[in-house]
Structure formats: C-alpha cells, structure tokens
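J.: From first to last, the protein sequence lines are chains A and B. Heads up: the first sequence at position 150 corresponds to 152 in the numbering used here, and the numbers run straight through without jumps. Heads up: the second sequence at position 306 corresponds to 308 in the numbering used here, and the numbers run straight through without jumps.
Hints listed in this document are in silico derivations from the structure and should not be mistaken for laboratory results. All values derive from a computational prediction rather than experimental measurement. Heads up, a few of these hints could be off.
Note that identical chains are pooled: a pair holds if it fits in a single copy or bridges any two copies.
DSBU-like, lysine-lysine: derived pairs with alpha carbons at most 35 Å apart [claimed, not checked]:
no.	residue 1	residue 2
1	Lys220	Lys202
2	Lys315	Lys197
3	Lys136	Lys78
4	Lys197	Lys220
5	Lys202	Lys78
Protein chains: 2
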Amino acid sequence: MSNPQEVHVFVPATVANVACGFDILGFAVSRPGDEVIARLCDKPGVHIKSITGDGGRLPLDVARNTAAVSALEFLKHIKADKGVELEIIKKMPLGSGLGSSAASAAAGVYAANLLFGSPLEARELVAFAMAGEKAACGTAHADNVGPALLGGFVLIRSYDPLDIVSIPAPPSLFCTILNPHLEVRTEDARRILRKDISLKNAITQWGNIAGLIAGLLKNDIELIGRSMQDVVIEPERALLIPGFSGIKQAAIAAGALGCSISGSGPSIFALSVSVESANRISEAMKEETDRLGISSDTYISPINLDGPVILSKR
Amino acid sequence: MSNPQEVHVFVPATVANVACGFDILGFAVSRPGDEVIARLCDKPGVHIKSITGDGGRLPLDVARNTAAVSALEFLKHIKADKGVELEIIKKMPLGSGLGSSAASAAAGVYAANLLFGSPLEARELVAFAMAGEKAACGTAHADNVGPALLGGFVLIRSYDPLDIVSIPAPPSLFCTILNPHLEVRTEDARRILRKDISLKNAITQWGNIAGLIAGLLKNDIELIGRSMQDVVIEPERALLIPGFSGIKQAAIAAGALGCSISGSGPSIFALSVSVESANRISEAMKEETDRLGISSDTYISPINLDGPVILSKR
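Kindly generate the complete structure, drawing on both the sequences and the hints.
T.: The structure is reproduced here in structure tokens:
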C-alpha cells in the first residue's frame, strides 16, 4: 500500500500536572483538540500554508511554529527527500492550560509520520513534539505532548534520559473542564512557584502521587479521589485564578472525585465516574464562574485512551 | 472452635523508605524477624514474662515496650475482660534500620488479636502497632508496621486520615540485605535531613515514586530498577554510613535492580529478580564491607507477600 499524499488528523487537548503530578503526569481528553492537514510536496522542508482559528496569534515562521518545528525535526531525522505542507486548524483556545501548543506540535509530527508510511511509533514521536513545544514555550516538556500522542494517562518519570510510562486508566473516568476567559501567562505561572518546598509538603505530595498511580492501575476510584490533592503547586497558582477556590468547591460538592488546575491554568479540570456526574459538575462550575462575572467554556469527555485520530487520508 | 490459650507468632523485618519512597513506602521480607509467644491470663492488662535475644536493651516496663503497648491498646479497644502475658523473642538486630521495633509491635497486637478470636482484620491492627512504635520511637509511623502486618509492599498515602494501600509486587522479586555493624541513631538520621528541599529535586523524587509504584503494579522489572533512585534523602543519610557508596556500587555491579538505605540505616538493601542474583549481590556487598574492615550480617529472601506467620497455637 502506497503512502498517503495528504492526511487530516485530530490531536486532543491534554491535562498536565493532574493535581499532585506536577511536571510528571498528564492525560488526554476527547475534546477539544487541534487539527492539521498535511500534504507531501516536492520542496524539502516544512511549509505552512495556513493557520486558522488562532485569531492571527500564532507565528507563520516555520522556526517558531510548534507544528512546523516538530514536523521538521522528524523530516531531518528520517532524512526525508520530500517536504510537507501544513494547514493548521486551531480548534481549541490558546493559553488556556489545555496543552494547545502541545496538540499542534503533536499533530505536526503525527501527520508527517503518516505521510512517510509511519516509520516511527507514536512513542518515538514524543521527542520531536517536545522540540515543537520548546519552540513555543522555551522548555521541552513532555507532560502534554506525551498523552496527546499516546492517549490515556502518561507518566514522565524522567527527562534525562526521557522515560515515558503509559498508565492504564479506568475506562469509567470522565473529565470536566472549565476554561474561564482569563489570561494566565505560563511565565507568571512558573515564576510564582517557590524554588524550595518543605520536606513535609514534599512527602505529602509523593504520598499522593503514589496513591494516584496506584488508584489508576488498581482501578480504585476512591483512592484516585483521595489522592487528588496538591499541597505544593495549586495553593500558589490558585492566586492567579480569581474564584478558583469557589469553583473547586462547587465541583467537589457536585460529586467530583477531585478538581485542580489544568496545566498552568487558567483551565480547571475535575474527574468523575459518569457522564451524568460530569455534566452536573460542569453546570456547578459554570454557575459559580458566572456568579463571579467571568465568562467561560466547558468541555466534557471521557479520558481519551487512543490519542490522535486520523480524520481522512488520501 | 474455641479461641487459643497460647499463640506463637513470627513477624518479619521490613524495609521502609525503599529509595524514593521516604516515609510512605515499605515492604516485608521473609527473614529476619521477631517472635512473640502470647498467653491468655486472668489478670487484666499486658504482662511481660520475658524478653530474650535483646542483650538486655529493651524495656520490661509495659508502658515503654513496643509489643506490650500495641497489645494493651488492642485490649482496651476490645474492652477485654482477660489479660495477656508476653514472651518476646528478639531474633533480629536492634537499631539496624530493619524495623525491629515495628516487628515486635506488630507481633504483640497480632498475637493478642489471635487470642481473642481475631475480632479485627490485619489492616485494622496497624493503628495499634503504630501506638507501639510511638512508645519506642516517639513517632507513630506506619511504613514498617504496615508491611509487617500486611506483607508485600505497603503505601502509606496519608497519616491524617490514615490511608494504607497494599501494592501487589511481582512474585519474582528478591531482596538482599546487608546489616553493617555500625550504629545509626534514628534521631541523628532524622536530624541530618534538611527541612526544605528544592522543587527540582522534589519533582525528580515524585517522578521516581510514581515510576516505582507503576513498575510494581505493571510487573515491569526494568521500570522498578530505573525508578529506585533517591535524590533527596539518601545523599544526606549516606554520610552516616561509612562506605555506603562503594557497597551500593558493588550491589549494582553484581546485578541489583536498585540499592538504597533500609529505613534510617545502617542496613542497606538491594532488589533483584532471582535467588542466584540475590546471592551474588550479597557476596559482593559483603566483600566490599569486609574490605572496609566493617563486620556485617547479610540476609536474602523473597518479598514476603503474607506478613506474619503463626508458628503454633493451642
């Protein structure tokens, strides 16, 4: 079977940090997400034909565009004799804490890999998508691109060497996301964090991340809920999200297993075990956000166990 | 079936901390361990008939003896109308970092529970054994008494409220323990630790504990090995154990998956996947310790998945 000349892919949004898993854990949702159409072309390198849905905010410069950089690094790696043309279709909010740049970075390399007959496995694409993340954020983190490419929960045990571990998740888990229309700059979210933490809080945190991983792998829903506590990062970053505490309380009162900041915010996510529950939580979070006079979007989806989707190829 | 009048139990040594799991993780080995003989008596309360094997170091005072305190707390809880007489048979070194006081504390309450027809499950006995630990150490920690009573790997996710999670371990795991004849006082081992740690090291540590838990539950031996790294506690406590670095290197060179300090030391443990490997590691660690002119004992055992053993009852 010959390789496709054109592919159209969807890559999902991701929730990084996951309460107690700062910088090491993320998971994929089913929506929102980004799309990329990629076409083989004779001119070597990567060429951005268009970007839509970004309100003109994303760079058309190949060297600074996440999707283009990840695709280009891949092309170099396989010593491609052809080039790739990209149409980037943003279908999720930028700067929302939902891994927008990661979704585009993952989509770029995922699509490029398909065009060349999938010489690499999804797991092997993570490093290229990280290069795309670096172009956008300055740091090559993997806790969004990992789950965006692999689906499910993904643990980044180590960066040096890169050690990526898929964590099977209970199929019953649902995620509610509230994206308040506030701006939290990733630099601010980083800068607000203290460089040192107390050993006591660190122990609490590693007890919780151990409990969360055990809960996911043992399919122990209550343990997942008990473990979703962040005593280190959330208390500091919550200061950047007006009303966070009330919104979280509303989610818990509506039946969420746990609720925390998605990535560096301002989006807030909550886990639950049914679509009905996820809907109730969404309504409760939205109601509280409305009460504060902050507009917002909400998303409900199961945990996305599959990662990217091929929408069409020809 | 009527309750026994006398029971003779064995409770195993335990390895707490387990590299990256400081204060939250422990596991049980099959040897060494402590024994307790407990007898029903008409006089209420707990009475210590004898302690052997301790070189006269352990208190006969019921209020300060770990085995007696744990048994006594249990008797109060069940409002027992009879008393218990204890013979405590120490068969493991004191102050070795192998959970000696925990083994006795667990044995006291485990035996008492049997004498009264096992009204409580092993999991429910942990709190009483913690009271025994507190009598000996001043703090009621659970990372030794938990695995001593439950066997296998035990995660203490939280102390408030107490949240104890059994982590099934791959049945192929073996443990080598080297107990160098050095004294490390638990107070010193506590005092040497910094009260604050860098966020960077904390993240490395929670990545590793997440990896270790995932490795145990996924039966991924290589992941267990890669995750057995402690960048927070071991570098500080190693200063209290002369030759630690060389002994660890010898264990790794001999095929250990990982090697770290057991509890607060001075014992050193290493994990591996066969009894042959565990033996080779034992010889290598011992040889290095001999070379340093430090005498030592070694123990080899599989992970003890069952916890306490009833040696006899009548």
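J.: So, for every hint listed, does it hold in this structure?
T.: These are the hints, each one checked on the structure:
1. Proximity of Lys220 to Lys202 under the C-alpha cut-off of 35 Å is found in both arrangements, the shortest distances being 27 Å within a copy and 29 Å between copies.
2. Taking CA atoms no more than 35 Å apart as the test, Lys315 paired with Lys197 passes in neither setting, with 47 Å inside one copy and 57 Å between copies.
3. Taking the closest pair of Cα atoms, Lys136 and Lys78 come within 35 Å of each other only inside a single copy of the chain (17 Å); across copies the shortest separation is 61 Å, beyond that limit.
4. When the C-alpha separation of Lys197 and Lys220 is checked against a cutoff of 35 Å, the pair qualifies both within a copy, at 34 Å, and between copies, at 33 Å.
5. Taking the closest pair of Cα atoms, Lys202 and Lys78 come within 35 Å of each other only across two copies (32 Å); inside a single copy the shortest separation is 46 Å, beyond that limit.
Of the hints listed earlier, the one the structure fails to meet is number 2.
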